[in-house]
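Starting from the known structure of chain A, arrange chain B on it as the hints suggest.
Residue numbers (the working numbering), protein chains in the order written: chain A, 14 to 185; chain B, 109 to 296.
No wet-lab data here; the hints were simulated from the structure. Don't be surprised by glycine CBs; every beta carbon is placed ideally from N, CA and C. Please note that a few of the clues may not be correct.
Said to hold, decoys possible - So these bits of chain A aren't anywhere near chain B, every CB distance computed over 10 Å:
#: 1; residue: M14
#: 2; residue: I15
#: 3; residue: V16
#: 4; residue: V17
#: 5; residue: T18
#: 6; residue: F21
#: 7; residue: H49
#: 8; residue: H50
#: 9; residue: W51
#: 10; residue: A86
#: 11; residue: K166
Said to hold, decoys possible - Below 27 Å or equal to it, Euclidean Cα-Cα: the simulated DSSO-like pairs (lysine-lysine) are:
#: 12; chain 1: B; residue 1: K251; chain 2: A; residue 2: K166
#: 13; chain 1: A; residue 1: K164; chain 2: B; residue 2: K251
#: 14; chain 1: B; residue 1: K251; chain 2: A; residue 2: K120
#: 15; chain 1: A; residue 1: K166; chain 2: B; residue 2: K253
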Amino acid sequence: MIVVTLFFEFALLSCVAFGGATALLPEMHRVVVENHHWMDDATFTHLYAIAQGAPGPNVLVVTLIGWHVAGLAGALAATVAMCLPMSMAIYLLIDRWEGFAGARWQKAISLGVAPLAVGLIFSGATLIAQAAAFGWAAWLIVGATVFVNLKTKLHPLWLIVLGGAIGLSGWV
Amino acid sequence: MSAAATPESQNRPDLRALFLAFSSVGLSGFGGVLPFARRMLVEERKWLTAEEFNALLGLCQFLPGPNVVNLAVVVGKRYQGALGAIVAPVGLLSGPMLVVFGLAMLYERYGSLPVVQDMLRGIAAVGCGLLFAMAWRMGLAIKSKAAFLPFAVLVVAAIAWLRWPMPWVMLAGLALSGGLAYVRLGRS
Numbered sequence: 014m015i016v017v018t019l020f021f022e023f024a025l026l027s028c029v030a031f032g033g034a035t036a037l038l039p040e041m042h043r044v045v046v047e048n049h050h051w052m053d054d055a056t057f058t059h060l061y062a063i064a065q066g067a068p069g070p071n072v073l074v075v076t077l078i079g080w081h082v083a084g085l086a087g088a089l090a091a092t093v094a095m096c097l098p099m100s101m102a103i104y105l106l107i108d109r110w111e112g113f114a115g116a117r118w119q120k121a122i123s124l125g126v127a128p129l130a131v132g133l134i135f136s137g138a139t140l141i142a143q144a145a146a147f148g149w150a151a152w153l154i155v156g157a158t159v160f161v162n163l164k165t166k167l168h169p170l171w172l173i174v175l176g177g178a179i180g181l182s183g184w185v
Numbered sequence: 109m110s111a112a113a114t115p116e117s118q119n120r121p122d123l124r125a126l127f128l129a130f131s132s133v134g135l136s137g138f139g140g141v142l143p144f145a146r147r148m149l150v151e152e153r154k155w156l157t158a159e160e161f162n163a164l165l166g167l168c169q170f171l172p173g174p175n176v177v178n179l180a181v182v183v184g185k186r187y188q189g190a191l192g193a194i195v196a197p198v199g200l201l202s203g204p205m206l207v208v209f210g211l212a213m214l215y216e217r218y219g220s221l222p223v224v225q226d227m228l229r230g231i232a233a234v235g236c237g238l239l240f241a242m243a244w245r246m247g248l249a250i251k252s253k254a255a256f257l258p259f260a261v262l263v264v265a266a267i268a269w270l271r272w273p274m275p276w277v278m279l280a281g282l283a284l285s286g287g288l289a290y291v292r293l294g295r296s
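One chain only, chain A, in its complex shape:
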């Protein structure tokens, strides 16, 4: 039963996931932590961190959440729910895309969605900080990460490794 609920909750979310699965972090937190109490804040943060350290598309954080809620069936249900509705939409739309690409309403939606995605991703970042109850050391890491990521071409994986190492020291 929980698998079915998970499937429909995530399928609904996938239809507003402008900016990809990353943009859904605040709403996924609401669904799995606040509404259904499937996990606590700390676990949500941990799963997000694990997804950061794993290879693959961003959507895998959804897989991990599903796994934690209902094991293998939950992982598959959550992942399929996140991918299926829009995959089907694009399967049906692709042949007509050239017909409406460049139309005024299509350009308007593309332009209009961009700032919403920015807001969602920013909200996702504040949500992680809140859920993890970051102290000053964590905020220092956040600031340093923003700076290095924007100012250098260093691969983010190195930052993740470094963050894990600093975390191991117990200061964060």
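Just chain B, lined up with the frame of chain A:
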């Protein structure tokens, strides 16, 4: 997309090739694999020209959901129809999912250890910083910032502060922000 300009006729991948190629893409990147998908599709396998890739990506970003999964569906459909549209995204996701299952099992077993929790908090802090940086970069890419960035601020207020439900916020936001874009497109 004229037929003569596409490399379709020279190398038309079968289901196996689609599965393997997208599997390698799925396992190559951390925090997003789109650049690897582009390299594979355009430069290595030449399944799409650069122009085709950009056009398809436009559609994949136009729709919500994971862009790179949508892209796999489109490429799969193009070369192997409905089966291809299933096999390509499954290839993309199955490798990373196995890795994630392994990590999830490790977490279930060792996740309660303080040392593991400390490490994950450090990684979460980096992940949080990467999200802020991503939002910043996406914000910089927006044209006519004075008109559209206020909508980003409204979304943050509604989602992060007021905690309003996202589907309604997105519908309202899309109506306002898309409506403004529609009006502005008409004027220029």
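Checked hints:
{"no.": "1", "hint": "M14", "verdict": "holds (21 Å)"}
{"no.": "2", "hint": "I15", "verdict": "holds (17 Å)"}
{"no.": "3", "hint": "V16", "verdict": "holds (16 Å)"}
{"no.": "4", "hint": "V17", "verdict": "holds (19 Å)"}
{"no.": "5", "hint": "T18", "verdict": "holds (16 Å)"}
{"no.": "6", "hint": "F21", "verdict": "holds (13 Å)"}
{"no.": "7", "hint": "H49", "verdict": "holds (14 Å)"}
{"no.": "8", "hint": "H50", "verdict": "holds (16 Å)"}
{"no.": "9", "hint": "W51", "verdict": "holds (14 Å)"}
{"no.": "10", "hint": "A86", "verdict": "holds (12 Å)"}
{"no.": "11", "hint": "K166", "verdict": "holds (13 Å)"}
{"no.": "12", "hint": "K251(B) x K166(A)", "verdict": "holds (24 Å)"}
{"no.": "13", "hint": "K164(A) x K251(B)", "verdict": "holds (21 Å)"}
{"no.": "14", "hint": "K251(B) x K120(A)", "verdict": "holds (13 Å)"}
{"no.": "15", "hint": "K166(A) x K253(B)", "verdict": "holds (25 Å)"}
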